[in-house]
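*Asks:* Sequence lines, in order, name chains A and B.
Position 228 (the first sequence) corresponds to 228 in the numbering used here; numbering is contiguous.
For the numbering used here, count along the second sequence from 1 and bump the result up by 238.
No lab work stands behind these hints: they were computed from the structure.
Please note that a few of the clues may not be correct.
List time: in silico EDC-like cross-link candidates among lysine to aspartate or glutamate, alpha-carbon distance up to 20 Å [stated by the list, open to error]:
1) A/Lys105 to A/Glu139
2) B/Lys404 to B/Glu495
3) B/Lys404 to B/Asp384
4) A/Lys105 to B/Glu445
5) A/Lys105 to B/Glu447
6) A/Lys26 to A/Asp223
Rough simulated footprint, nothing fancy, chain A against chain B, three-plus residues with beta-carbon under 8 Å [as the list claims (entries may be wrong)]:
7) 246–254
8) 439–450
With the C-beta cut set under 10 Å, the calculated list includes, among others, these residues of chain A facing chain B [said to hold, decoys possible]:
9) Pro23
10) Thr27
11) Val60
12) Ala83
13) Arg87
14) Gly93
15) Asn110
16) Val117
17) Pro121
18) Leu122
19) His165
Ideal Cβ placement from N, Cα and C applies to all residues, glycine included.
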Amino acid sequence: MSGLAATAGEPIIRLVDVAVTYPNGKTALTNVDLEVGRGDFIFLVGPSGAGKSTLIRLLVREQVATHGRVYLAGRDVARISRAQVHRIRRRIGVVFQDFRLLPNKTVRENVAFALEVTGAPLSEIRHRVPRLLSLVGLEGQSEQLPAQLSGGEQQRAAIARALVHDPAILIADEPTGNLDPVTGWEIVQLLLEINALGTTLVMATHNQEIVTALRRRVVALEDGRIVRDELGAAYRRG
Amino acid sequence: MAPDVGFLRFLGFTMVRAGQGFWRNRMMSLAATATVILMLVLLSGLAIVLAGLNSGLSYIESKVGVTARLVDGLETTAIGALVDEVSALPGVELVEYVSPEMAMERLEQAYADRGQVLDTGGAAISLYASIEVALTDPSAAAAVGDALRDRDEVEVITTRQEQYDKLLGVTNVVRLAGLSAMVLVGLTVVFMIVNTIRIAVFSRSREIEIMRLVGASDAFIRWPFIVEGMLCGLIGALVTVLLVAFVWGPIQPLLIEIFQMPTAVGAQFYTVVAVLIVSVGLTVGMLGSWISVRAHLASGA
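Please model the entire structure based on the sequences and the hints provided.
*Replies:* Here you go:
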């Protein structure tokens, strides 16, 4: 299997007794058990240093758990060979608080770059990029450089890039962290639309207002442990 | 069989990115290329000198037992008297006077025997006059040499063994010193390329991070940098090939004049040297960039 084709009813993300301990003895995650169904939308909340980023790195296989198992669509990611990791990553889109766009490329080139570096044919690039820019509402800004865009537009460009391989999972790490409240809500609306199209969404955030207003599943981390996992919950610590 | 379209796309991507990388990082790239040239010039000089010396060694093996190089401007009568005296020595089979003109003819013949033409590039080469002593008994070489050594007409005495040992000694020294220098310069070159590519990798770390996140395979990340290193090696090699071509003509008569034997190497050897230069340039470029990129990529999970 090269992608994340889950069988019916199987969680697309499953963590079993996961722990991450660094060589210096510092523990980033402990006893983490988590299941996320296909098409779900979950919030990952918790203070800085709670383990959210480590959890995200495990999901994109930038890091491997020192204990326990991480399964994506039933597949143990630790058993995926280094040479095959890129196939999994094509099925997981990631967006960050700081957008991480290439400053010397236009919006169109930034999105196309994600296809070029995976060997996509030119015809596919020409076909997909305008569609994605249209989906995120950036048709008119395709030839602008990131510096010429607002924060919200840059995040939209980053989302378009994350969707370039039609991922089964979209991970958003503080996607509204650098945006004003109105723009932040626009980005969340866009993420909800993407989720409605069937993409599983994992959003790490500190934004209490958004979490409380949307009443989705909330997984709260503290000191590397899941301290709360509730459906339709509000934002609160512990 | 038609080439795989995916591979061609990969190749195109790699070449374009390598070229862009070389240009963006041009100061470091050119510095690395300069060290490659230094190393390859040293290598080609070593290859030419060693090939020439080996050629001289095999020439000596085919020569007479004792050779006495004569001083310039000897009268014919003096030469005749010397030849007669030496012919009377025990163990001597034949004594032959070799004029500078005859020496040149022999040199040309030695080249012709190898299917080459002696090309001095228009330079005037002066070979020495000598007498060559063929022996019935090889053990008489020392006595014949001693008899000739103190004579005014004689400048230098060389027996075949002496000459062979001397040239072999020179060859060994050149080989050892040359190879040691090569290793040192080679390490410097690899170090330069490692650092050049490391800087290139760091300057594009954001791009690499994004490439990883969007699912680029290691080959797509790694090979543009490796080709960039190979580009330093290739450009350095091509410059060196041109430099060697430029000095190839003058080197040939110079070597002959120094060693007084066919130590110069044929034109076809230039092709061998050119292939060696390009191969070593590419290999060193690839090795340096491979080490650099491997270390960087290994830092990711």
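*Asks:* Now look at each hint and say whether the structure bears it out.
*Replies:* Here is how each hint holds up against the structure:
no.: 1; hint: A/Lys105 to A/Glu139; in the structure: holds, 16 Å
no.: 2; hint: B/Lys404 to B/Glu495; in the structure: holds, 17 Å
no.: 3; hint: B/Lys404 to B/Asp384; in the structure: holds, 18 Å
no.: 4; hint: A/Lys105 to B/Glu445; in the structure: holds, 11 Å
no.: 5; hint: A/Lys105 to B/Glu447; in the structure: holds, 16 Å
no.: 6; hint: A/Lys26 to A/Asp223; in the structure: holds, 11 Å
no.: 7; hint: 246–254; in the structure: holds (count 3)
no.: 8; hint: 439–450; in the structure: holds (count 6)
no.: 9; hint: Pro23; in the structure: violated, 14 Å
no.: 10; hint: Thr27; in the structure: violated, 18 Å
no.: 11; hint: Val60; in the structure: holds, 7 Å
no.: 12; hint: Ala83; in the structure: holds, 7 Å
no.: 13; hint: Arg87; in the structure: holds, 7 Å
no.: 14; hint: Gly93; in the structure: holds, 8 Å
no.: 15; hint: Asn110; in the structure: holds, 9 Å
no.: 16; hint: Val117; in the structure: holds, 4 Å
no.: 17; hint: Pro121; in the structure: holds, 7 Å
no.: 18; hint: Leu122; in the structure: holds, 8 Å
no.: 19; hint: His165; in the structure: holds, 6 Å
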